[in-house]
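Engineer: Those sequence lines, one after another, are chains A and B.
In the numbering used here, each number is its position in the first sequence, counted from 1, plus 60.
In the numbering used here, each number is its position in the second sequence, counted from 1, plus 60.
It should be emphasised that the hints constitute simulated quantities derived from the structure, not laboratory data.
You may find that some hints are simply not true.
Unchecked claim - Straight line, CA to CA, 25 angstroms or less: simulated DMTMM-like cross-link-like pairs of lysine to aspartate or glutamate:
no., chain 1, residue 1, chain 2, residue 2
1, B, Lys266, B, Glu244
2, B, Lys298, A, Glu291
3, B, Lys201, A, Asp245
4, A, Lys263, B, Glu244
5, A, Lys80, B, Glu244
6, A, Lys132, B, Glu244
7, B, Lys112, A, Glu239
8, B, Lys288, A, Asp245
9, B, Lys309, B, Glu153
10, A, Lys255, B, Glu162
11, A, Lys116, B, Asp245
12, A, Lys112, A, Glu207
13, B, Lys309, A, Asp287
14, B, Lys298, A, Asp156
15, B, Lys309, A, Asp156
16, A, Lys293, B, Asp156
17, B, Lys119, A, Asp245
18, B, Lys293, A, Glu153
Said to hold, decoys possible - Away from chain B, derived, C-beta distances all over 10 angstroms, residues of chain A:
no., residue
19, Asp79
20, Glu122
21, Lys132
22, Pro226
23, Val227
24, Ser230
25, Thr264
26, Glu271
27, Lys276
28, Gln278
29, Ala286
We put the beta carbon where it would ideally sit given N, CA and C, even for glycine.
Protein chains: 2
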Amino acid sequence: MNQIIETILNHRSIRKYEDKPLTDEQIEVIVRSAQAAATSSYVQAYTIIGIKDKEKKKKLAELAGNQPYVEKNGHLLIFCADLHRHQLVAEMENVDVSQALETTECFMIALIDAALAAQNAALAAESMGLGICYIGGIRNKLVEVSELLQIPIHVIPLFGMTIGYPVHNSDKKPRLPFEHVYHEDTYQSNSSTLKAQLEEYNKTIKQYYAERTHGKRQDTWTSQMADKFSEPKRLYMKDYVQNQGFNKK
Amino acid sequence: MNQIIETILNHRSIRKYEDKPLTDEQIEVIVRSAQAAATSSYVQAYTIIGIKDKEKKKKLAELAGNQPYVEKNGHLLIFCADLHRHQLVAEMENVDVSQALETTECFMIALIDAALAAQNAALAAESMGLGICYIGGIRNKLVEVSELLQIPIHVIPLFGMTIGYPVHNSDKKPRLPFEHVYHEDTYQSNSSTLKAQLEEYNKTIKQYYAERTHGKRQDTWTSQMADKFSEPKRLYMKDYVQNQGFNKK
Numbered sequence: 061m062n063q064i065i066e067t068i069l070n071h072r073s074i075r076k077y078e079d080k081p082l083t084d085e086q087i088e089v090i091v092r093s094a095q096a097a098a099t100s101s102y103v104q105a106y107t108i109i110g111i112k113d114k115e116k117k118k119k120l121a122e123l124a125g126n127q128p129y130v131e132k133n134g135h136l137l138i139f140c141a142d143l144h145r146h147q148l149v150a151e152m153e154n155v156d157v158s159q160a161l162e163t164t165e166c167f168m169i170a171l172i173d174a175a176l177a178a179q180n181a182a183l184a185a186e187s188m189g190l191g192i193c194y195i196g197g198i199r200n201k202l203v204e205v206s207e208l209l210q211i212p213i214h215v216i217p218l219f220g221m222t223i224g225y226p227v228h229n230s231d232k233k234p235r236l237p238f239e240h241v242y243h244e245d246t247y248q249s250n251s252s253t254l255k256a257q258l259e260e261y262n263k264t265i266k267q268y269y270a271e272r273t274h275g276k277r278q279d280t281w282t283s284q285m286a287d288k289f290s291e292p293k294r295l296y297m298k299d300y301v302q303n304q305g306f307n308k309k
Numbered sequence: 061m062n063q064i065i066e067t068i069l070n071h072r073s074i075r076k077y078e079d080k081p082l083t084d085e086q087i088e089v090i091v092r093s094a095q096a097a098a099t100s101s102y103v104q105a106y107t108i109i110g111i112k113d114k115e116k117k118k119k120l121a122e123l124a125g126n127q128p129y130v131e132k133n134g135h136l137l138i139f140c141a142d143l144h145r146h147q148l149v150a151e152m153e154n155v156d157v158s159q160a161l162e163t164t165e166c167f168m169i170a171l172i173d174a175a176l177a178a179q180n181a182a183l184a185a186e187s188m189g190l191g192i193c194y195i196g197g198i199r200n201k202l203v204e205v206s207e208l209l210q211i212p213i214h215v216i217p218l219f220g221m222t223i224g225y226p227v228h229n230s231d232k233k234p235r236l237p238f239e240h241v242y243h244e245d246t247y248q249s250n251s252s253t254l255k256a257q258l259e260e261y262n263k264t265i266k267q268y269y270a271e272r273t274h275g276k277r278q279d280t281w282t283s284q285m286a287d288k289f290s291e292p293k294r295l296y297m298k299d300y301v302q303n304q305g306f307n308k309k
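Sequences and hints are given; from them, build the entire structure.
Structural biologist: Printed below as a string of structure tokens:
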């Protein structure tokens, strides 16, 4: 196993950091790594906002659900889906791109582009001995986040990423069984096979939590997912996304 | 600069491969690397389909726009957004998740999860001396692709990834200026600054193509983007995605 695969397999979310900011050089390497990711038809449909302002970090931590590590870290990046520059392209080249930008297809392109870039950033940071945590919590309150960061139309903040020097190492969480996630030639949709794999996975997860909580925590993966999805969340998202000019047709 | 960052910065799409299939061991390392990526609230909302069947590869190459490297490579992965297993969870746990799965928020989660996993797969492959290319072209014909791969409801094939032993090294394509993509504390939306950065970038791109085509190719980044976005594409996507049970509310 090479060093890169070792770093990849060694990922865990870090939620406590030393009080030591990243240098501008570190930030630049991380962002340039993000930019090196593949991009659909060269569109580069994302922007990364780095938050240094302490008041803004504090406010973002509140909006993301009062997670202290969103405020206290080495640096905080906000990854945005961005078609704003393509609107500027239209002005520069005197063409109308408004119909294209509003499509579900373009929404998908921008989300995928931003996520590919983010994962490069995560690995670059981890390769430097830093820890990271993705912050989906900013999607709790995107209207407020957008106001705070002065987000224009055709831009959507998708998630944050905290980066910093880890204070402690957390545990690696076991993933779904390989065979459940990797299929060959066709999607293997046999329900009893899939459910049996999930039952097997539940045993792994139960043991994982039991070991870490001296038997106190008993939940399984399917119980967690049932909790998570039993109520629809962030129902404002559809309107928000469309108001930002995405996903309309 | 460490080895990981070197690999990240050295990325280029490889579109010609030796006629040498990946071993099952290589495939497993790549998929397990994908699985190690962060996932929103542990949902792991993706499935990866590896295509070995030659006829299927050939058909997928046709559907993706007749790119020969979709057929001829060491392996072909199809990354799918997947909430199908969460529907099974609902049956296992006796809860109703149908409202949640249909939200735009869940659509976003699944796309981001799948893309984070894919970028890990890409880097794992590249770290092993393999080349990769993302294949957005499968989104040309998702109805046909879904039929071919027997995709159930709550699953969307998002993109392919060809992997293999590179026959030649392609050139690294210059990215947007760092300052254009990385903002600090707020989104820098001053149009004249952004346009000036794009003009500067156009010069870089013009030179890049001129050098590689002995002056024949003259286009810029903004002209490429204007071409790409002057007509809306893949307009069937909104209905397709909703028919698969995503992005409805």
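Engineer: Checking against the hints above, which ones are violated?
Structural biologist: 1, 4, 8, 15 and 29
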